[in-house]
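Undergrad: Make a model of the complete structure from these sequences and hints.
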Amino acid sequence: MTTSATTTVDRPLTIGGREFRSRLMVGTGKYQNNTTMVEAIEASGAETITVAVRRVDLDRSKQEGILYHLDPARFFLLANTAGCYTANDAIRYARLAREAGFNEFIKLEVIGDEETLFPDVAGLLEAAEVLVREGFKVMAYTNDDLITALRLEDAGCAAVMPLASPIGSGLGLVNPYTIRIIKRRLSVPVIVDAGVGTASDACVTMEQGVDGVLMNTALAAAADPVAMGRAMKCAVEAGRLAFLAGRMKQREIAVPSSPTKGMLG
Amino acid sequence: MSGMIRVVVNGQERDIDRSSTGLDLLRVLELDPRTVVVELNEEIVRRPSLSEIRLRDGDRIEIVHFVGGG
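Residue numbers (our numbering), protein chains in the order written: chain G, 9 to 273; chain H, 2 to 71.
Because the hints were derived from the structure by calculation, they are not lab data.
The beta-carbon is built from N, C-alpha and C at its ideal position, and this holds for glycine as well.
Relax, there's no trap hidden among the hints.
Covered stretches of chain G, going by a simulated chain H footprint (3 or more residues, C-beta under 8 Å):
| no. | stretch |
| --- | --- |
| 1 | 38–49 |
| 2 | 52–62 |
| 3 | 73–81 |
| 4 | 86–93 |
| 5 | 101–108 |
The following label-pair restraints were derived from C-beta to C-beta distances:
| no. | chain 1 | residue 1 | chain 2 | residue 2 | range |
| --- | --- | --- | --- | --- | --- |
| 6 | H | G59 | G | T124 | 33 to 41 Å |
| 7 | H | R19 | G | L66 | 16 to 24 Å |
| 8 | G | T206 | H | E44 | 40 to 48 Å |
TA: So this is what it looks like as structure tokens:
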């Protein structure tokens with residue numbers, strides 16, 4: 009007797025017309041050293057790596073930029089506007105990033121508060137509208153708020169990136185419900201950005217059905233960033249596959265897994 | 002001598018030759034134009050224009066690159 013088993017096959021993540029080979033995106037900040045960073049990123053299997061735009065330090069003009077360590081031919085560079093507190097600043101940083109000549113994608117951040125690093129959603133929407141008009145593919149870091157997410161999609165963002173919890177907090181996914189509803193209502197990809205602390209956080213996040221996850225501190229601040237990179241690769245793949253597989257229904261009473269018939273008399 | 006002008010580069014005052022172009026400034030700072038982006042008075046200078054733009058007294062120049070970030 010033959011039965012045909014259907015195996016779930018995932019489609020590649022596509023943002024702004026570009027296909028990505030990994031659903032895990034990682035940052036490049038806060039590593040103890042560049043060798044560890046490169047090894048951790050390689051272990052994570054991430055294709056997309058985020059970078060920030062900053063002044064060249066002229067007192068150490070031989071200082072190496074991040075591209076000295078990470079080959080832009082091997083990774084997809086996603087510049088951010090981290091540290092910007094107004095729409096105008098974020099727009100300025102985005103233009104500088106695009107001028108560097110890698111791509112037209114920008115991870116747009118307009119921060120509203122120093123303690124929480126929560127986004128200023130009014131400034132975020134304003135900047136998103138301008139940058140979309142200028143041809144940027146905007147990936148907007150935002151709250152886990154459905155209405156803001158819908159407005160960002162309406163503004164033409166290529167992806168919406170709600171937070172799991174505050175940047176660098178490692179608190180994990182604090183509100184799965186809001187992430188699920190954002191994913192359900194948006195047509196553009198939803199990438200959860202910020203707050204993932206360990207592999208189970210990444211797995212649970214992906215199990216909500218989102219398209220990807222972005223993290224930095226979870227790797228950079230792990231005791232062994234390279235091992236954590238591998239763990240995150242597995243976790244993101246496991247969470248994605250579990251979502252696609254469709255989990256069993258939960259119930260509060262036991263159901264035997266072995267036959268109840270055929271017991272000895 | 003009137004051969005020098007004063008500009009502000011990344012927040013620091015610098016005296017440079019009066020006839021300096023954007024590219025000359027990068028050379029003096031030992032920076033590879035392919036690895037940085039230059040802003041002159043808050044306007045981006047495209048790379049091909051760096052050798053054409055003459056800097057003037059009081060110009061504010063920002064030179065940026067990519068660093069690690071999340």
